[in-house]
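**Student:** Each chain, letter by letter, is given below.
2 protein chains.
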Amino acid sequence: MIVTFVHVWVIPEKRVEFIEACRINHEASVKEPGNLRFDILQDAEDPAKFTLYEAYVSEDAARAHKETEHYRAWRDTVADWMAQPRKGIKHTILYPQEPAKW
Amino acid sequence: MIVTFVHVWVIPEKRVEFIEACRINHEASVKEPGNLRFDILQDAEDPAKFTLYEAYVSEDAARAHKETEHYRAWRDTVADWMAQPRKGIKHTILYPQEPAKW
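Protein chains in written order, with this note's numbering: chain A, -11 to 90; chain B, -11 to 90.
The hints are simulated quantities; they were obtained by calculation from the structure and are not laboratory data.
Just so you know, nobody snuck in bad clues.
Put simply, identical chains are the same to the list, so a pair is met inside one copy or across any two.
Below 25 Å or equal to it, Euclidean Cα-Cα: the simulated DSS-like pairs (lysine-lysine) are:
| # | residue 1 | residue 2 |
| --- | --- | --- |
| 1 | 37 | 89 |
| 2 | 37 | 75 |
| 3 | 37 | 2 |
| 4 | 89 | 78 |
| 5 | 19 | 89 |
These figures come from a predicted structure and were not determined experimentally.
Make a model of the complete structure from these sequences and hints.
**Tutor:** As structure tokens, this is what we get:
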């Protein structure tokens, strides 16, 4: 199991549309067979900063996400709304270790 | 519902003990009535960098965590193992919005 944090900085005039694009991406991503979580978060102190918390059963499952139509649609939709390049940071899961708790 | 990311940098010689202290904290924290998640993650590229992903039903529930014995024991145990001060960053949850999905 792995988690990727995707940190995203969005230009002010596109925040509402960005959240809507993330809703669509979230709803489709949680239906992927290898997905465990796909949480969409907004920094409480900096409304321009969002984080996608993407948990998958394996590296392969995380990679498969990037081949989906909904990922590609999100990527293309938000491309011009970035205030700076987004950063994906992979993490090893230490706890909980039981797949059923994800 | 809120999520706090707690970013922690640990001195190399204490990583194993830090993970064990986090296991104990994780196991007790997920039993708190207001807790939704308490994931312990390690950066895949930087083994000194850990993140605690702490989701609670409310700000009050997140605050109550800091009054627990297990939190205080973790805090005191790891105090001398920090390579730099840890950072807690609060986030608003956008999706999923249904409490049952947490």
